[in-house]
Amino acid sequence: MSTDLHMLSGAFALDALSEEEAKQFRMHQRGCSACHEEVRELRQAAARMGESEPIPPPSALKARILAAADQLPQLPPKVSPIEGADSRRWTTRIAAAAAAAVLVVAAGFGISQFRSVGEQSGVTRVFQAADAHEATVKTRTGATVTVATSRRLGKLAVETDALPSLNGQRVYQIWAIHDGTATSAGLLDDPEHGAAMALPNAGTLVAITVEPAGGSRAPTTTPLFQVDPASV
Amino acid sequence: MSEPGLRLVPAEGPADIDALCSSVARGDASAFESLYDELASAVFGLARRVVRDPARAEDVTQEVFLEVWRKAARYDRTLGTPRTWVLTIAHRRAVDAVRRSESQKRRDNQGAPDEVVHDEPAEALIRDEEHDAVRGCLETLTELQLESVRLAYFNGYTYNEVATLLDKPLPTIKTRMRDGLIRLRDCLEGAR
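Chains as they are written, first to last, in the numbering used here: chain H, 1 to 232; chain R, 1 to 192.
The set of hints was computed from the structure by calculation and includes no laboratory data.
The beta-carbon is built from N, C-alpha and C at its ideal position, and this holds for glycine as well.
Don't take each hint at face value.
Below are the EDC-like pairs computed for lysine to aspartate or glutamate, each with C-alpha atoms no more than 16 Å apart in a straight line [unchecked claim]:
no.	chain 1	residue 1	chain 2	residue 2
1	R	K168	R	E143
2	H	K155	H	E41
3	R	K105	R	E58
4	H	K155	H	D131
5	R	K168	R	E147
6	H	K78	R	D37
7	H	K62	R	E67
8	H	K62	H	E41
9	H	K62	R	E143
10	H	K62	R	E33
11	H	K62	R	D59
12	H	K23	H	D4
13	H	K62	R	D76
14	H	K155	H	D179
15	H	K62	R	E147
16	H	K78	H	D179
Computed footprint of chain H on chain R, listed as stretches where at least three residues anywhere in the stretch have a Cβ under 8 Å from a Cβ of chain H [stated by the list, open to error]:
no.	segment
17	20-34
18	65-72
19	90-102
20	143-153
21	157-166
22	179-188
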């Protein structure tokens, strides 16, 4: 199996593995310094192929990117060895620092329409539970996000109002963030009707980001907001 | 920098990008702008090549540079040069964009068979003079190595899809991708 996995280094360097295989390969690589070195070299070769046909982008793009970066907080350096160089990690610290500025960033992506797969009854149940706690966060653009938790139901629900609509290429995605790792809790398919999820364990934050259609494996934009359910 | 025996690095050379990356990691916006100037054409060129649509290539380019900005402090030098780091992000983002739109299309077409887009020949791919080395080295690959590498890298196909497209067994394709890249690596090293 491990020889087999090792042979995937080329496909891995070309981003030609399925998600599942890429995950397996990354795990294999962690215990295999030879693979690590090989991937580094093969990526370098691939990158040289990739940069071999440069095309100057339209000049307006530069201003757009610089303006967006200006609104975007940076992640702190890693201080202890954590898994791989993939984008799976997300630090709560940054998410917190970023919470305020974010709708502006989201707007920068040019967003304007929703997809939907909501679970309304679950949401309503949580909000109407006898032991429901609620907290409402107002975003900069005047949208509101209300989070309710019910310990009895073991559920957390999110309702939003006046969130900017997204074009078909972006969706709102909900995350449970624990120890700096963000796990997808699903797409906010129908922001009008909100979404419900299992109440996360203590110390887990819930955040919403704007992601490409279909969602991401890890957050790729700064959260619109995040909340500690324990504080609700 | 001017110690005897050290080779002079051109202003736009790799050492610059290294230094720029370090400054970007410390939140230096003007370094970020310079880094953009250095690498935007390479990133946009690759994005165009993979996603094809110019507007989407711009989106990918934006995603790439924002990721670079966001994660500059986490860039790990042992994983490769900063240039490779940026190009690696660019490729992953471009491929993600293609796969997203493919699965979207598949949903829209409700299982209609995929249209196979045949690429321009590899020769047309690489024009820039300074990249003669890359072109020369790609020519040393066998036809199957080149096809496998090219379809994966520039079309964003998984090795499984490449195997299907080329009607070859999976192990063959994964091996060709690996030995093709190894050959490219060795040739590029020799060409330096």
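Hint-by-hint comparison with the structure:
With a C-alpha separation of about 13 Å, the suggested pair K168 (chain R) and E143 (chain R) falls inside the 16 Å cut-off, and the hint holds. For the proposed pair K155 (chain H) and E41 (chain H), the alpha carbon gap of about 47 Å is over 16 Å, so the pair is violated. The suggested pairing of K105 (chain R) with E58 (chain R) is violated, with an alpha-carbon distance near 20 Å, which exceeds 16 Å. Distance restraint check for K155 (chain H) and D131 (chain H): the Cα-Cα separation of roughly 11 Å lies within the 16 Å cut-off, and the hinted pair is therefore satisfied.
Between the alpha carbons of K168 (chain R) and E147 (chain R) the distance comes to roughly 12 Å, so the proposed pair stays at or under 16 Å and holds. At most 16 Å may separate the alpha-carbon atoms for a hinted pair to count; K78 (chain H) and D37 (chain R) exceed this at roughly 27 Å. Proximity of K62 (chain H) to E67 (chain R) is assessed by CA-CA distance (about 15 Å); at most 16 Å being required, the pair is judged to hold. For the hint pairing K62 (chain H) with E41 (chain H), the CA-to-CA distance comes to about 30 Å; that exceeds 16 Å, so the pair is violated.
Distance check on the hinted pair: K62 (chain H) and E143 (chain R) sit about 39 Å apart at the alpha-carbon level, beyond 16 Å; violated. A C-alpha spacing of about 8 Å is found between K62 (chain H) and E33 (chain R), which places the hinted pair at or below 16 Å, so the restraint holds. Between K62 (chain H) and D59 (chain R) the CA atoms are separated by roughly 12 Å; this keeps the pair inside 16 Å, and the hint holds. For the hint linking K23 (chain H) to D4 (chain H), the alpha-carbon distance of about 14 Å falls within 16 Å, and the restraint holds.
For the given pair, K62 (chain H) sits about 26 Å from D76 (chain R) by alpha-carbon distance, which is inconsistent with the 16 Å threshold. The hinted pair formed by K155 (chain H) and D179 (chain H) fails the criterion: a straight-line CA distance of about 20 Å is larger than 16 Å. For a cut-off of 16 Å, the pair hint linking K62 (chain H) to E147 (chain R) is broken: about 34 Å separates their Cα positions. Under the criterion of a C-alpha separation no larger than 16 Å, the hint pairing K78 (chain H) with D179 (chain H) is consistent with the structure, at around 13 Å.
Counting residues of the segment 20-34 of chain R whose CB falls under 8 Å from any CB of chain H gives 5; the rule of at least 3 is met. With 7 residues carrying a beta carbon less than 8 Å from a beta carbon of chain H, the segment 65-72 of chain R meets the three-residue requirement, and the given coverage holds. Look at the segment 90-102 of chain R against chain H: 7 of its residues bring a Cβ nearer than 8 Å to a Cβ of that chain, three or more, so the hint holds. Counting residues of the segment 143-153 of chain R whose CB lies closer than 8 Å to any CB of chain H gives 3, so the stated coverage by that chain holds, three being the minimum.
With a threshold of 8 Å between beta carbons, the proposed coverage of the segment 157-166 of chain R by chain H holds, since 5 of its residues qualify and at least three are required. Coverage of the segment 179-188 of chain R by chain H holds in this model, with 7 residues showing a Cβ closer than 8 Å to a Cβ of that chain against a need of three.
Hints 2, 3, 6, 8, 9, 13, 14 and 15 from the list above are not met by this structure, while the remaining hints are.
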